[in-house]
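Residue numbers (our numbering), protein chains in the order written: chain A, 294 to 514; chain E, 420 to 637.
Rather than coming from a laboratory, the hints here were simulated on the basis of the structure.
One or more hints might be untrue.
[Stated by the list, open to error] Examples of chain A residues lying across from chain E (beta carbon under 10 Å, computed):
{"#": "1", "residue": "Arg302"}
{"#": "2", "residue": "Arg303"}
{"#": "3", "residue": "Glu384"}
{"#": "4", "residue": "Ala507"}
We put the CB at the ideal spot given by N, CA and C, even for glycine.
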Amino acid sequence: MTAALLLLRRELALSWNGGGGPLLACGFLLSLAVIVPLGAGPRLDQLAHLAPGLVWLALSLASLLTLERLFERDFEDGTLDLLALGSLADEVVVGVKVLSHWLAIGLPLALMTLPVGISLGLAPGQLPLLALTAGLGALAFSFTGGLGAALAIGARKGGLLIAVIVLPLFLPPVIFGAGALVAQAEGRSPAPALALLIACTLVAAVIGVLAGAAGLRGSRT
Amino acid sequence: MDIESRSQDRAGSMIAVSLKDLAVRRGDRTLFEGLTLSVGPGEAVVLTGANGAGKSSLLRVVAGLLPSLSGEVRFERGGQPLDPAEARARHLHLLGHQDGFRSGRTAADELAFQVGWCSGTAEAMEGAVRRLGLAALLPLEVRRLSAGQRRRLALARLLAAPRPIWLLDEPLSPLDARWRAEVGQIMEAHLEGGGLVLAAVHDPLPLPARTCPVGEAA
Numbered sequence: 294m295t296a297a298l299l300l301l302r303r304e305l306a307l308s309w310n311g312g313g314g315p316l317l318a319c320g321f322l323l324s325l326a327v328i329v330p331l332g333a334g335p336r337l338d339q340l341a342h343l344a345p346g347l348v349w350l351a352l353s354l355a356s357l358l359t360l361e362r363l364f365e366r367d368f369e370d371g372t373l374d375l376l377a378l379g380s381l382a383d384e385v386v387v388g389v390k391v392l393s394h395w396l397a398i399g400l401p402l403a404l405m406t407l408p409v410g411i412s413l414g415l416a417p418g419q420l421p422l423l424a425l426t427a428g429l430g431a432l433a434f435s436f437t438g439g440l441g442a443a444l445a446i447g448a449r450k451g452g453l454l455i456a457v458i459v460l461p462l463f464l465p466p467v468i469f470g471a472g473a474l475v476a477q478a479e480g481r482s483p484a485p486a487l488a489l490l491i492a493c494t495l496v497a498a499v500i501g502v503l504a505g506a507a508g509l510r511g512s513r514t
Numbered sequence: 420m421d422i423e424s425r426s427q428d429r430a431g432s433m434i435a436v437s438l439k440d441l442a443v444r445r446g447d448r449t450l451f452e453g454l455t456l457s458v459g460p461g462e463a464v465v466l467t468g469a470n471g472a473g474k475s476s477l478l479r480v481v482a483g484l485l486p487s488l489s490g491e492v493r494f495e496r497g498g499q500p501l502d503p504a505e506a507r508a509r510h511l512h513l514l515g516h517q518d519g520f521r522s523g524r525t526a527a528d529e530l531a532f533q534v535g536w537c538s539g540t541a542e543a544m545e546g547a548v549r550r551l552g553l554a555a556l557l558p559l560e561v562r563r564l565s566a567g568q569r570r571r572l573a574l575a576r577l578l579a580a581p582r583p584i585w586l587l588d589e590p591l592s593p594l595d596a597r598w599r600a601e602v603g604q605i606m607e608a609h610l611e612g613g614g615l616v617l618a619a620v621h622d623p624l625p626l627p628a629r630t631c632p633v634g635e636a637a
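All chains should be built: construct the whole structure from the sequences, respecting the hints.
This is how it looks when you write it as structure tokens:
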């Protein structure tokens, strides 16, 4: 338990130290939010119609951008060896690293979707639901991303490989997250889509941790 | 409870490592096969061999970071076999070429993490910092340390979290003459305390040690 807390503290410190992981990802998200309305023209009603999908597209791409650093630096500098020789199982190591990725990067990104939603013309009444679904979705993205990043350890062009592995797995949270917002905009209950989003997050947690640990073990050969 | 378990650890730290008929393959090349070696408490064994002979791979196999093609690695305490996974997690230090220090963080932060990760105490860390003359270096970022200073920082983990099995990959190579002698004394103290050392080297260690050739010469 203490070892897990120790690792979590180091991971959080590292994500704010050098390279500014969260700031970079948030900046990317915001620039997408600026580009899309400029590119799509001034028809705000049209844009508002697309807003849920665009917000989720921006969130998934911004999450993807930060994944390469999740294990690669640790692999290069030998930290993974040290972690392997500790008392925690590989599954716990992956779980802790993914959680810290969510805390340090996923949550700030989820908050950042609010100004993005506003700039795309999302109704103000939808912002609480957007924050909730984006937070859950970012957690699912972190877990699936952990899987991709662990499988890509040591690969040349690892970032591209991660994108190819992970983007298809990002689809279910995107569908149900945006679906909840669309349902609410159309006056239906967002609860079914929300429940499915939670289910997706739980599945991502189980698969991400198990496959991620397998990826870590594979990187040692 | 902590003190008790620690004193138990010390009394029961007489751990021996034995390798039986070990073969290791990297890619499509067999590095060595039929390697048998046993290292008991208080013993130092140096692995010698040409570059690429498989010394580092052997250390990683003992640490459980690489699978072996055949043969086995056994850990024993007083003749009783230990569970390899637990022995590796609790009784073994590996000091490799890559020390796991992140260059952008301070030496103090990184050492504290590694010592904590290996269940060492803050007091033991202070002692290790004094023994290895690191006090002035701790506030610096790791990227500003020289290779020798970095190696001393890595060695501080071994002192601050006492574990009987030390696997060392060229432990002395970046150190100057003075620190080679000092680290030699540290290793001797470790052996006297019932620990064991298995080291891959090119230059001999400054202490009595058996030699085990690795690779084609074996």
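Do the hints match the structure? See the list:
1. Arg302: Since the shortest Cβ distance to chain E is 8 Å, the answer is holds.
2. Arg303: holds (5 Å)
3. Glu384: violated (14 Å)
4. Ala507: violated (14 Å)
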